[in-house]
Amino acid sequence: MTSPALAEPLPSSVRKPGRVKSLMTTYRVPLSIIALCLLPWLLPSKALAVNVLIYGVVAVGYNLLFGYTGLLSFGHAAFVGAGAYITGIAIGQFGVPWYAAVLLGVLGGGLLAFAIGALSTRTRGIYFSMVTLALAQLVYYVALQASSWTGGENGLRGFTVNKINLLGYDINFLDPVNKYYVLMAFAALALWVVSRILNSPFGAAIEAIRENERRARTCGYNVERTKLLSFTLSGTICALGGTMSALHLAFVPLDSLHYHASGMIVMMTLLGGASSFFGPFVGALVFLVMEDVFSLWTSHWQIIVGSIFVLFVLFLPKGIWGTFLARFVR
Amino acid sequence: MDTELILMQLFSGVALGAILVLTALGLSIIFGMLGVVNFAHGALFMVGAYAGLWVASLTGSFWWGLLVAPVMIGLFGMLIEYFLIRPLYGRSIDDPLLLTFGLSYVLVEGVRIVFGTDGIPFPTPSALTGVLDLGVGFFPIYRIFVVGVVFVVVLLLWLGLEKTRFGLIVRAGARDPTMMRVLGVDISKVWLLVFGLGVGLASLGGVLSGPMRSVNPEMGSLVLAEAFVVTVIGGLGSLLGSIIAGLAVGIVISMTALFAPEMATIVMFALMALVLLIRPQGLFGKLA
Amino acid sequence: MTDIRNITKTGISRRRALAGLGAGASLVAMPWIARAADDIIRIGFPTPLTGPFAAEAKDQVKSAELAVKQFNDKGGINGRKIELLVRDDKLNGGEAATRTLELIEKDKVHAVVGSLSSAVQLAVNEVTRARGIIYVSISQSDTINEVKDFSKYTFHEALNPHMTAGAVARHSFKKGSKVAHLVADYAYGHEMLRGFKRAQAEIGAETVGEILHPFGAADYSTFMPRLRSMRPDFLCISNFGRDQANSIKQAVDFGLKQQAKIVVPVILHNQRLAVGPEVFEGVVGGANYYWGLESQLPSAKAFNDAYRAANGGAIPTDYGAYGYTGLSSLLMAMQVAGGTDTDKVIAALEALKYDVAKGPQSYRKCDHQSVQSVLVLESLKKADMKNDADLFKVVANEAASEKVLRSCTELGFPA
Amino acid sequence: MNAPLLAVEDIGVRFGGFVALQGVTTAFHPGRVTSIIGPNGAGKSTLFNVLSGVLTPSSGSIRFKGQDLKGTRQHEFVHRGIARSYQITNIFPDLTVHENVRVAAQASRSRYNIWTNRNRFPELDARADSALEAVGLVAKRDEIAKYLAHGQQRALEIAIALISDPELLLLDEPTAGMGPEETKEMVALLEKLATERTILLVEHKMKMILGLSDRILVLHHGRLIADGSPRDIQTDPEVRRVYLGQNDGYA
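Chains as they are written, first to last, in the numbering used here: chain D, 49 to 378; chain B, 58 to 345; chain R, 12 to 426; chain P, 7 to 257.
Only chain D is shown next, with the shape it has when bound in the complex (with noise of 0.2 Å):
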């Protein structure tokens, strides 16, 4: 139980986190991988927990560029799309091994995200976010278009995964459970890669950059390339997150390059604070739970939805997350 004392948050002008704190950021990786550990046995189902480790990838890789370097793009959908295309095609087109089609597809989504970063990164403020969400928007059109490729607007589909060879054993890929803890070795190597990115001295130079743009650049920092080279990892790491849902699913829905799915990422992100490591992965769990929950109760659950993000956006800009750590933890 908490003291009275404890509940609210000392107005503190130090900086000198508390023990449970510090140990939770030193520690933050291996915490996040107990937890994710034990993620499918508290969910109403597998599939669910797969998607929030999915979701919670992408939210986390996104918040690379939106919490950290602070860029508000609306165009990540692209690489999480890209990843998962790629994987897909490789896999159902070209016969290519699961692993290294996951390989190209991030690596495709990287790609992508440079290229889509190099010309967004010009840009500031406000146009930042509409340069990347009409530049998404072009490649979700031209998803559309390249049908051959695609599939569509019928969704890439044909590319089921059944088995994998691990280590030499073949592991059933159909089993949820399985599935799971393949896809889990993945998010925890996305969750290390991120905090290892963010305790970098690049790490101080995106938070710097989101401080004070201009004395960023004064103090000599390449904004722009520090910039593009934020959004090329963040859509790295999305673009894994793709790669990982179309193993999931074997299908890739046309849907994932919309600027809805942008805005969705955003809302995750948000929702679980964009000012801390983990706060995006609560979020994405949180999202997918209430939609899961609610959409059984009334086909009317974009309603809620929509009133809980606007409340945040309002009262909690630190998001469930960032608010928990504020006031509980020291």
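I should point out that these hints are in silico values taken from the structure, not numbers from a laboratory.
Owing to the predicted nature of the structure, the values given are computational and were not obtained by experimental measurement.
Don't take every hint at face value.
[Stated by the list, open to error] Straight-line Cα separation of at most 30 Å, DSBU-like style, residue types lysine-lysine; simulated pairs:
| hint | chain 1 | residue 1 | chain 2 | residue 2 |
| --- | --- | --- | --- | --- |
| 1 | P | K76 | D | K366 |
| 2 | D | K211 | R | K119 |
| 3 | P | K76 | B | K343 |
| 4 | P | K152 | D | K69 |
| 5 | D | K211 | R | K355 |
Based on these hints, arrange chains B, R and P on the given structure of chain D.
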């Protein structure tokens, strides 16, 4: 291709452009004055169409719907500004964008609850049905009427912004809000009115679109994309830019529809990407 | 407004969800609530309860529930009760695949019925195919008939674009008719166009032009001058849903109806209600079902009466009826098979002859397409409507025949 | 006369039709404090922006240590040895004092290192601490910058600028908004800094300028109208007319 068809296509393009201008104006004005990207623009457009229909069915006249609904929804917009947007001034510029994004979900679902998910019929007012012979082809009278309305609205806006004291305050306020406060102008009142005006324009667009497009809860989603493209090409916040960009996009779509019709949507986004690469701030925009 | 709570009378799934929320919230690790006893037959039913086709989806659910109720009232299948698990697929393939995985892995359904778009049905098909689960698909597509997407577990209850476009063409075009096409540029649009042109070739009707329009466009005004300049006798609009509503509305505005007869491959009851009688007046389109069939067909009468009794006098609609015919065929096959054994049920479905609402139907062996009658409807003038639900005149009722389908060899199946 | 550190040749800046600077030619030699004064809108900040790479001049050239700075991008200026502060306090508000300086120190190396833990650069921490020491902020090391007093924030900004060990330091009104106490401390700090490097100062507080500067430049309507020692400037009739005549010394 004969000349008549090309002329006709050009005319269709201008008419479509006028409609695009109408859909973009509200978005452009709100951004220009408040620096807020209203993601609920499309949803408010849709709500406007439903409100127009509702008023028209109560009064039995399309014209009442056309007049009353934009005022009604404009007032509703002021409530949004007062209760939802205002607390966000001074925070990140992204916050109003995110809030209105969430709001659009609420509005769309709200309309689904009240009016159903399928959409409802919105017949063309009987005085404006039929087609007009332009010499090179036939064009719906109603569309010509809409072009006329857009012209009048743009003219009124221009007069209002350039020739009145209120317009002066609005333009000055957009440039330097702190200065206005120093001069004793209650800038928050101006913002309230401008937001209401922008939302009112969005819903006017909705009412006018009712007889042309099918009225359904999702109709705003496409409009939002179109309005974004037009305002971004024109330069966010530039009224003149929106008008020129709207017409240009209309003509480009129309010409594409003649030669490569399946590309008529993609060309809009391609044009936008192109403009942004050459001039990131849009044709008439100022750098942020 | 109906919501799922009202639709799903069993309520089991909801209680389960509530328990899940509680467990999640208190973070108590516990094995997931034990599933229902195996003497219940569970059928998963993904359908887009949110989105533009929510009204059709709700009609589908009501029809499906009716079929389940009728079987349960008769004592179920071999004494086993049937439970319908409705899920919202949000008209999104990814969402549909997730819901289907949940239905299979968590709810252990014995079969899946549903979907309302080509993409969603292909997503569900992919999931059920890999896991050997019987799936009765109830939305239109030519793609799913082809060998590439074939699944021996999947049965295609809905009509396909080839059938509807063909029927509409056969009952509208004459030799020498001039036909202009406005086609949505995606697989479904191209499939409808192909259906029309195939029939045109047989009839000897001439194509005077075709325009592909972007999928999901809102404004069609820029296509109209060219369509007018083609001076067609018929304007075929091969698109669906909102695209159809917008394009017909604008074609009418541009006076194309005075020039040509507008025909569409599929005409929807709810769409006609949403757009209004003035716009649709005289438009001809294909359909799987129309309640007005009851004057000609006893099975339609029986279905309508049962539906009215269960739903406060409402009448069933086209896509709604798929829920009834699709579920009924599956349950009849289970009855024959004496349970849920997959191979036995497949064999029973392949051999099944059924007439539950629209005349005799059966599944073709090679692609599992339901061979069935196709209706050609014409939208009535407002003055000619006898009541609010009296929307269409039945122009033709093309009897079930394998001849109107593409041949098995054409679809890629061994001869 | 040794070679100038920075030589400015016929610099002009135009914004559309507005001429902000015109024909400014001057040179700055190492180890001196030069102040730039002039009424509001005279072009002081524009000149600063040109010298720090924020603005590219419409005409003219700048040579730093004999090298033409043409085409040099703004972020490269600091690597060349020119650092600056801003008129309105410009720090990283949500970082701690130490992080503020440390992130500036890091800009000179390991900018794009995405893999090594940032704590494995002890020399950066040491450099940051010594910069804080120089401006007297060691006690505030772990405080979040936005909660510092105004004068301390200005000092922090100077520490940020100092961390790159610049040869030329451009300070835009370092005492803006300060009370007499804080101003005094800042003047002491500037005097200390002036012993080690070349300083260019934009200021309005005449008393302070006269006490601190070796040389004063006067700008008016974008032109350089006077250049000389504080004594020369005080007696210059032109300067008295356009500048001191309208001001009481505290703008």
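Taking 30 Å as the top limit, are the C-alpha atoms of P:K152 and D:K69 close enough? It holds: about 22 Å lies between the C-alpha atoms, which stays within 30 Å.
Tell me if the straight-line CA distance from D:K211 to R:K355 falls inside 30 Å. holds (27 Å)
Checking one constraint from the list: CA of D:K211 to CA of R:K119, max 30 Å. Satisfied? Within the cut-off at roughly 21 Å; holds.
Straight-line alpha-carbon gap P:K76 to D:K366, limit 30 Å: violated (44 Å)
For the pair supplied as a hint, P:K76 and B:K343, is the alpha-carbon distance within the 30 Å limit? holds (25 Å)
Going down the numbered hints, you'll see the structure goes against just number 1.
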